[in-house]
Structure formats: structure tokens, C-alpha cells
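Chains as they are written, first to last, in numbering that gives the first Met the number 0: chain A, 0 to 411; chain B, 0 to 411.
In case anyone wonders, no lab produced these hints; they're calculated from the structure. Source: prediction; values computed, not measured. Be careful, since some hints might not be right.
Heads up, the list lumps identical chains together, so a pair's fine if it works in one copy or across two of them.
[Stated by the list, open to error] With a straight-line cut-off of 30 Å between C-alpha atoms, the simulated DSSO-like cross-links for lysine-lysine are:
| hint | residue 1 | residue 2 |
| --- | --- | --- |
| 1 | Lys-371 | Lys-213 |
| 2 | Lys-213 | Lys-252 |
| 3 | Lys-152 | Lys-205 |
| 4 | Lys-204 | Lys-67 |
| 5 | Lys-347 | Lys-58 |
| 6 | Lys-152 | Lys-127 |
| 7 | Lys-405 | Lys-252 |
| 8 | Lys-204 | Lys-127 |
Protein chains: 2
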Amino acid sequence: MTKHYLPATPETVHWGYFSRTLAPVLTIRSGDSVTVESITHHANDDYERMIAGDPAAEKIFLWTKDEKTLRRRGAGATEGPFTHGAGEGLGVHLLTGPIAVEGAQPGDVLEVRVIDTYPRPSANPAYKGRFFGSNPSANWGFQYNDLIEEPKKREVVTIYELDMGEASVTALYSYLWTSQTDPDGIVHPTIDYPGVRVDHATVVKKEGILSGIKVPARLHFGTMGLAPAEADYVSTIPPNYTGGNMDDWRIAKGARMYYPVAVAGALFSCGDAHASQGDSELSGTAIEISLTGEFEFILHKKADLDGTVLEGLNHPLLENDDVWSVYGFSVANYLTELGPDHQSEILKRSSLDGAMRDAFRKLRRFLMTTQKLTEDEAISLMSVAADFAVTQVVDANWGVTGTIRKSLFAGR
Amino acid sequence: MTKHYLPATPETVHWGYFSRTLAPVLTIRSGDSVTVESITHHANDDYERMIAGDPAAEKIFLWTKDEKTLRRRGAGATEGPFTHGAGEGLGVHLLTGPIAVEGAQPGDVLEVRVIDTYPRPSANPAYKGRFFGSNPSANWGFQYNDLIEEPKKREVVTIYELDMGEASVTALYSYLWTSQTDPDGIVHPTIDYPGVRVDHATVVKKEGILSGIKVPARLHFGTMGLAPAEADYVSTIPPNYTGGNMDDWRIAKGARMYYPVAVAGALFSCGDAHASQGDSELSGTAIEISLTGEFEFILHKKADLDGTVLEGLNHPLLENDDVWSVYGFSVANYLTELGPDHQSEILKRSSLDGAMRDAFRKLRRFLMTTQKLTEDEAISLMSVAADFAVTQVVDANWGVTGTIRKSLFAGR
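Same shape as in the complex, but just chain A (with noise of 0.2 Å):
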């Protein structure tokens, strides 16, 4: 088993994008251990708070009249002229990798254990060794066309601190977002493409919010999973059948995720760090931070997997101490399921009632393989002992998990 260090470099990471075309940037076996750096692609929402002084952070945010140190931003065309910018912010999270696992393939299920997770301290020193976060309440959020308080449509940025002491975050400041222009000239009016330097001079900061409010921290990675192997470039915002933006919290220290491998090598990248986040992300993101992230990866060959729970597997899964949990998508795979332009038409079929199904359907075929139930004792066991919970409504593809509890079957 080796350990390997992977930092947030210019070279390591990729932004808004899964993709199968590129090369890893760190090749291991199975059983080796990784830590990896992420940097949150909303850190420029305060670039003072988070990115001033980090030389890796100033780098990858590095864009000027003359200069863009991450050109492509998104799945999205990169000639223009562009609506939002290369990669036209189709997918938003800054990711770290992909990592390559020797000997992956097509078939075969890539376990990566969460060991722990360190937030990254501001290295301005103004901040130094504290941890910030942002919360925007985004155009693409569940609330935004049902505002009750003028102006409507309105986009809000909530600047958060992480006490490590505590374990708990406190709001400090938000503003009204407001129409910023980047070093192109592209003037965006909403929050529509990552990595955009809120001038704070355009902003009115509205301090004492939240008042003595201290929410819990819940430090995981909202994005986590493998290249697929559908297209060349993938948008990260709908989590699919290799995981992704799936945005569940539990997806902390202490557990093991479990993804189909697509693509030879397995290709993993994560990033979308958060601070904190309630099932739902009901505006659109979570507290988002920069997280390092230490994993053990173990891979397992699809040979191996029959008389294991991981038979059959061909969507992501969640095993901690306690439970197992599937995650059901509007779509199963949208990438396959709704044609060429399924880019577009996820975002029409974004609905619980379809995420319900698919996660309905993925615990009774768990429950009927891995714990060898009948139908009939896999859907009376879920309706009186499974939980189903809201993961998210705000990635296109939004998601129901449902959760079983692994001491029920102890007596076994």
C-alpha cells in the first residue's frame, strides 16, 4: 500500500467537466491510499476570504484581459462567440484529477473510503487559519422563481465560517449578487459561469445575518465519482450512474462509496467540497469549501463481485457502520437514456416522483441480490424498515436515497 499526495494544481485539476479523454494525473493500485487537495470552484465568491495568498488557489483563478490559467469551464464549447465562456459553464465544479486505478475496467466496482477530510485554511494572512465558505442562493436553486421578498429572481451570496473547534458554522455576511463583467468582457447578469471575481466594490455586504445561529458542520465531497464512458466531455451537475454531484452529506468520513467503472482506469475525480448541506441543497449549493480529502481505494473485478453487495452493482452506493443506501436519479442514466441532447433534456425532466422510482427499483434489486429477498419480502422489508430521504433538487438530475440499515440483517 502506498501513499500519495495529490495537491490542487493547475495541472491536476479539471473544471465542470467528467471526462474519459483525460490523462490521469496520478496512477495507483488498489489498496493504495490518496490525499487529495480540492479547491471550491465558488471560492472567488470572497477572493479575499479564500484564494488571496494561496498560491495554488491564485493560480487556478487566474484570469485577466491577457491570461486564463483554466480556459475550459464546462462540457460546453470552447470556440466562440460564447453565451457564458469556454466550456460555457455547462457543469461548475472544480475538480481534482482523475486519479487512475491500475488494472480498472469496464465492469469492475471502484471502492473509495473516505479516511478524513482537513478544511483549507485561508492563507491571506488578514484570515490566516481560518476557514471560510459560500452559500449562494443561485439562479438554479429550488426557491428562485417561487420569492416572495422583492426584487425577485434574486441571487444571494452567504459567506459562512467554519469553527474546527466547534464543529459548527456561522454565517458572517451576504450580498445581492450583482452583473459582473470578467476580463473577456462577458457581462453575467446572474450566476452563470464558474470562477467569475465578485468585485466586492459592486456589492453591498449585509453583516449580522443568522444572528447567534451555529449550524453543525457536516464536512464532505458534494462531487465524487468516475469518468463515464458515454461521452468525451460530461457536465458535473447531474449525478449519473458513476456518481458525481450526488450532493449527499453522508458522503463523509468514515464511508465507503462504491462506483461502477465505465472507462478503463476508472479515471476519479472529486471536488465540490461543503462545509455543511441539508438533504435538499434548497438553493442551489451547499456551504462550499475547500476540502482535502484522504480515500483508500480498493478495486473490485467484476470476476470477484457475485455473493458480495456488490453484485450486479450499476449505480453508485453508500456503505458506512450503519446503513447501505442507493441513490435514485430522475433519470437512471441520463446519458443514454434521453438522446443526443440529453444536456437539455435532463433539465426537463428533473422530478422527485422519478427519482423515487429509480431509487425504489435500485433497493429492491439490491435487497433481491445482494441479501437474496424475494419481491414480495424486498418490498414489505423497504415499506416498514427503509428510509427514502430528499438528496437534492437542484442538480437537474435530482435525487431520492434510500437508506437500509445493516443491523437488520446481523441475525443472518
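Assemble the complex: chain A is given as a structure, and chain B must be docked to it using the hints.
The following block gives chain B in isolation, referenced to the frame of chain A:
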């Protein structure tokens, strides 16, 4: 404070409906406690275990060619010809009540504290002192049109036993529902009318099911609530603004439920108790058992609500030591929103997406009104710290529960 005891008798129960026209079977004062017996409407799935030897249950379920103790079962027609029977099974839950609270008026809020719950033992000498429940996978279940094994569109009844020492439930046997003919000669090819006695000579019992699996008990009342103001007879199936069939297993010992009072006296009823249920109640039912509940009732007068967590409350609210939960429905008040055919219309409107929308709006209102947050603060807090769960997908008016932890506000 007076302690009352309300046994389940033919005179103290009503079957399948809430009604503003019912005379109270008990009138109490705010602050009084009442121990209420409830008998499950699924007891006839196994007459020998759940009815035989229990005089109250025998009398309540009595139905011969010449005699039917409780004729109306549901909010539907009581003059034939019947499709299913008197009341038409438009509403199926056997409820004890209504209990009137002196001085309760529309606009007030009734608090119901669940002090404790006690399962009702079998009175059959062959099973004396043991506790049994039934879990039908029914035609209104989420799985019914989506089965993979033959015969399709089957209904399956699973009988469970509750072990109070271990606080767990195990399956005893199951059987496929077979067409049952009631004493009036009406044939029930599916589970379409409550209290039809299953003739065990017509079913094949499957033993040894869910072998070795123990389900932790979650004793609770699936249906608790007040008479609505909008109609004389209202089906117990869809939950609504005065509560009813909410099917949340958290409405258990230690819970405080708050219901808006819609009619003079409040008219509280309860039943539909469960030994355990998962979030979603997927198969259409939980483990349906007979349960006795000890409750305290506190009337909060309209004039006293401002400045409390009950200010502006127009929907059910749960409080326990840890959380507040609001209940979102596909339609917030289907009785007023869906016109005269609300009973059939709500079946076309079943949707988790609608329930999520309603839960979002209710939790936003709760946070803005009772915690004095701005809309922006409420939305950010919900995104980072509120959890939305699937309550049920089987009660016509589907449910999503929005939960916020009280500890967040401890520092205020």
C-alpha cells in the same frame, strides 16, 4: 388536570372518515390527559391473532349476513347499490374519537403530546399476550404497477410479530391476497374495503420469510388529527391541513403535534397505528397494529399564538426534543384547492414534487415568522441545515417532511 381513559368500543370508534358532524365521545379540558385505545383496521388479515378473544375487537369487526356493527366504512355513499360497501371504503382507517376540547375554536391550535404508547396484546389463548401486526403490499402501494415477478398486480399480506423486550419486529408468514367475498355477497378481488375478514382457507401461507431479519420497532400512530371544516365526511386517506393520515414514524413517544383547529371542539381522533414504518411507506401500509396511546392535550388560543412557534400556523407541526418538522403535501389543502371532486382529483395530483414545494414554503414561513429571519436568511439556512425526507408516497396526498434542528437556535 384530569386523566381519562377512552376504550375502543363500537360507540367510540368511527371508520374511514373524519367528520365535523360526529358527536364527541369524550369532552376534555386543556391540560387533561387521555389514554386512547385504537384497533387496527387490518386486524382481519389474521382474525385468530388480532381479533379472536378480544371482546371489543370482535364486536367492532362483527359482520355477518344479518349484522354489521359498523356499517359505514369510508366517506362515500351509504345507500346502495355499492361497489365496495357502505361508505365505499373511501377512507379506511378505524379511528377512536372524536375527543372534544372545551373552548376550542377555529383559529386555535391543539397540541397533542404523545406521552407513551402500548401495543394491544392478542387475547386469543393460543397467542395470549403476544403482539401481532399486518403489512399488506397493496394495490395503492408505490410498487403495484411496477412489479417484476409473476403474478403481476398481486397483493401480498405479511404478518409480523412485535417483541417488546427486544423492541423489534419479525415476519411470521405471508400470503397472496385472494378474492374475498364479504357477508353481503360483494366480491373483493383486491383490498378495496376495510375490515373484510380474510378466509384463511382460501390463502396459502408462506412461512420462513425474511428469515433472520429483525426490524427495530418504531411504535407510532399513522393517523392523528382533527375534523376539517370543509365537508361533513372526509376520507381518512389523504392527509391535509388538520393532520390525519400523515404516516410519519416520528409521531411517536416524545412528540408534540400541533394541529390548526378547524371546528368548534377541535374533534381529535387517532388510529392507524404502526409497529414500524420506513420513510415512504412504500407498499401502501406499515406494520399495522392495535395500539393504545397516552396523550396530553393543550389548547393554544388564537390570541396567544403570536410570538410563539405557533404563530400563523395553518398546517400540522411536529416538535420533539431535537427538531421541528413541517409537513408538505402534494396539495396543501386539497379540500379547498381541488373543487367538489377533491376526493378523486387528489389521486391525479399525487406528487413528491408538489409536496417538496409545499414543504419548502411551509418551512420558509415557519423560519421567517417564528425565528424572525429574512427570506434570504431562511433560504440559506434551509439549504445548509434543513433536511427534507419522503414521508409517504401512498396516501393520495403525498408527503415530504421538512425538518430543522432546534439546537441551531440555542445561542439566540
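Taking the hints in turn, this is what the structure says about them:
1. Lys-371 to Lys-213: between (44 Å within a copy, 16 Å between copies)
2. Lys-213 to Lys-252: So Lys-213 and Lys-252 pass the 30 Å test inside a copy (21 Å) and across (28 Å) alike.
3. Lys-152 to Lys-205: Classified as within; 18 Å inside a copy, 58 Å across copies.
4. Lys-204 to Lys-67: within (28 Å within a copy, 70 Å between copies)
5. Lys-347 to Lys-58: Answer is neither; intra-copy 37 Å and inter-copy 54 Å both fail.
6. Lys-152 to Lys-127: neither (35 Å within a copy, 63 Å between copies)
7. Lys-405 to Lys-252: Answer is both; intra-copy 18 Å and inter-copy 25 Å each pass.
8. Lys-204 to Lys-127: Answer is within: at 21 Å inside a copy they meet the 30 Å cutoff, but 69 Å across does not.
Against the hints set out earlier in the document, violations occur for numbers 5 and 6.
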